[in-house]
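Start from the sequences, fold in the hints, and give me the full structure.
Now for the letters of each chain:
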Amino acid sequence: GAVVSQHPSRVICKSGTSVKIECRSLDFQATTMFWYRQFPKQSLMLMATSNEGSKATYEQGVEKDKFLINHASLTLSTLTVTSAHPEDSSFYICSARPHGNSGNTIYFGEGSWLTVV
Amino acid sequence: AQTVTQSQPEMSVQEAETVTLSCTYDTSENNYYLFWYKQPPSRQMILVIRQEAYKQQNATENRFSVNFQKAAKSFSLKISDSQLGDTAMYFCAFMKQGGYALNFGKGTSLLVTP
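In order, the protein sequences belong to chains A and B. The first sequence begins at 653 in the working numbering and counts up by one. The second sequence begins at 169 in the working numbering and counts up by one.
Hint data in this document are derived by calculation from the structure and do not stem from the laboratory. Any given hint could turn out to be false.
Claimed, not checked - Within a straight-line C-alpha distance of at most 25 Å, the following computed DSS-like cross-link-like pairs (lysine-lysine) qualify: (1) B:K264 x B:K246; (2) A:K718 x A:K666; (3) B:K274 x B:K238; (4) B:K264 x A:K707; (5) A:K716 x A:K666; (6) B:K274 x B:K241; (7) A:K718 x A:K672; (8) A:K707 x A:K672; (9) A:K693 x B:K274; (10) B:K238 x A:K693; (11) B:K264 x A:K716; (12) B:K241 x B:K223.
Remember, it's a predicted structure, so these values are computed and weren't measured experimentally.
Here it is as structure tokens:
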């Protein structure tokens, strides 16, 4: 089946630094990718929708200058957490919709644990 | 905006028994998709079952089946012959037709006991 790979799976960074998380579709082209955040024992909260070649669409309450999303190719979207703080520590997970897909097929990455110390 | 409600934060079932997880949703859309995802401790999101709103027939995948009541906006998941490996968080999700994102409920933590 289709595979979406996230990297790194775990990252620890210092407060004030930036960290980049990659989301790659390995065997299909993804026109649209979605970034979610999940706090412990909570649900997945949509942060933004990333379309290849255009600016991401952020959900209400998500700071676009803090969570930079780039979707430069049909197989790669990146999430950069800028000037990270401990409250940004969370599980981040991406999903991708194959190019030309009718709409209801979504593939998830394995997720990335971010710890800000 | 669409909302998805899972009213059971935690449930427990004995191995080999049947359990039903509830989900209701609110939408003004007529065409949409509904999903149940399983999230084990590894945090990997695993698609359990999906339902197209235009289909009246309830979806079934082996031991997993849904009871889709469109008028009532209800989408429950039945797990038959529960197995220890079914222990996980289960999320109900809604997607508008047209390439939109999944909108998740708060989840139900299911524990299958020996």
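Outcome of the hint check:
no.: 1; hint: B:K264 x B:K246; verdict: holds, 23 Å
no.: 2; hint: A:K718 x A:K666; verdict: holds, 15 Å
no.: 3; hint: B:K274 x B:K238; verdict: holds, 20 Å
no.: 4; hint: B:K264 x A:K707; verdict: holds, 21 Å
no.: 5; hint: A:K716 x A:K666; verdict: holds, 21 Å
no.: 6; hint: B:K274 x B:K241; verdict: holds, 17 Å
no.: 7; hint: A:K718 x A:K672; verdict: holds, 12 Å
no.: 8; hint: A:K707 x A:K672; verdict: holds, 17 Å
no.: 9; hint: A:K693 x B:K274; verdict: holds, 9 Å
no.: 10; hint: B:K238 x A:K693; verdict: violated, 29 Å
no.: 11; hint: B:K264 x A:K716; verdict: holds, 24 Å
no.: 12; hint: B:K241 x B:K223; verdict: holds, 14 Å
Checked against the numbered hints listed earlier, the structure breaks hint 10 alone; every other hint is satisfied.
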